[in-house]
Amino acid sequence: MRIPPGPTPVAGGTAELLGDADRDGAWVLMLNGTPQSHVDLDDPAHLEFEYVRRMGHVLDLAAELGAPLDVVHLGGGALTLPRYVAVTRPGSRQRAVEIDQPLTDLVREHLPLPRNARVRVRAADAREALQSMHPASADVVVTDVFAGARTPAHLTTAEFAAEVARVLRPGGVYAANVADGPPLRFARAQVATLRTAFAHVCLLAEPGTMRGRRFGNLVAVASDGELPIAALTRACARDPMPSRVVEGEDLDRFVGKAVPVVDADAQPSPEPPEGVFGR
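Here the sequence shown stands for residues 135 to 413, numbered as in this note's numbering.
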């Protein structure tokens, strides 16, 4: 790979690729001073960020081990999860949507994809791209989209969730990064929203975040089919920073009286406090 440049203007601000001092061949994509993605070129199956590892568990359990999948990634960044799927599930067909074309160009030039990776990256708004996709054309949809440090409002609604459900095949799985902090109003509303489109929903979260003690990343998982709760629980418990799988009555209590979000009253996810996520 070519030596990455210093801070580089992109559509969303300023991007920079920093070497990981703890892992040879690994890089962190910084966007406006916030760590956006971590990529290990020597070991694309390594997932450094805890919430991304939880999304990796969802991908691992979406089908028989090693079987190829059709995956849609809304939010590209440094294409961490597309790389992961390419090496853990060879032959997978993947579509990534990243609105920031200069950012994608920077990543493609300096952080090459694994050999034989079948990943198409489209520069577009995530929801507009999703609406253009054929029904029942994906096994998994992953959403990890930020404008600055917040998830755009139009990706948090029941109408958006219905589009995700439309694109998924029967039994397909949706995983979304949900960033929130005390008192977790946004996360509660997001679960209520997903329940309008999916029969089965769970949350993967570090206990301190789940209890509303700190701002963090929760992963919402949804499907029209049964979710592999027991396997997800085992996988999350083995992580360096173990997380809980919240479902069933526990999830009912978590949601409480939260109501689904619709386009007419949607708001972006909360702004992280100063100092969170390297801000």
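Any given hint could be a false lead.
Claimed, not checked - So the derived label-pair ranges between C-beta atoms look like this:
{"hint": "1", "residue 1": "396", "residue 2": "140", "range": "39 to 49 Å"}
{"hint": "2", "residue 1": "387", "residue 2": "156", "range": "14 to 24 Å"}
{"hint": "3", "residue 1": "374", "residue 2": "347", "range": "17 to 27 Å"}
{"hint": "4", "residue 1": "387", "residue 2": "159", "range": "40 to 50 Å"}
{"hint": "5", "residue 1": "257", "residue 2": "139", "range": "19 to 29 Å"}
None of these hints come from the bench; they were simulated from the model.
We put the CB at the ideal spot given by N, CA and C, even for glycine.
> Honestly, which of those hints from before does the structure not fit?
Replying inline: 2
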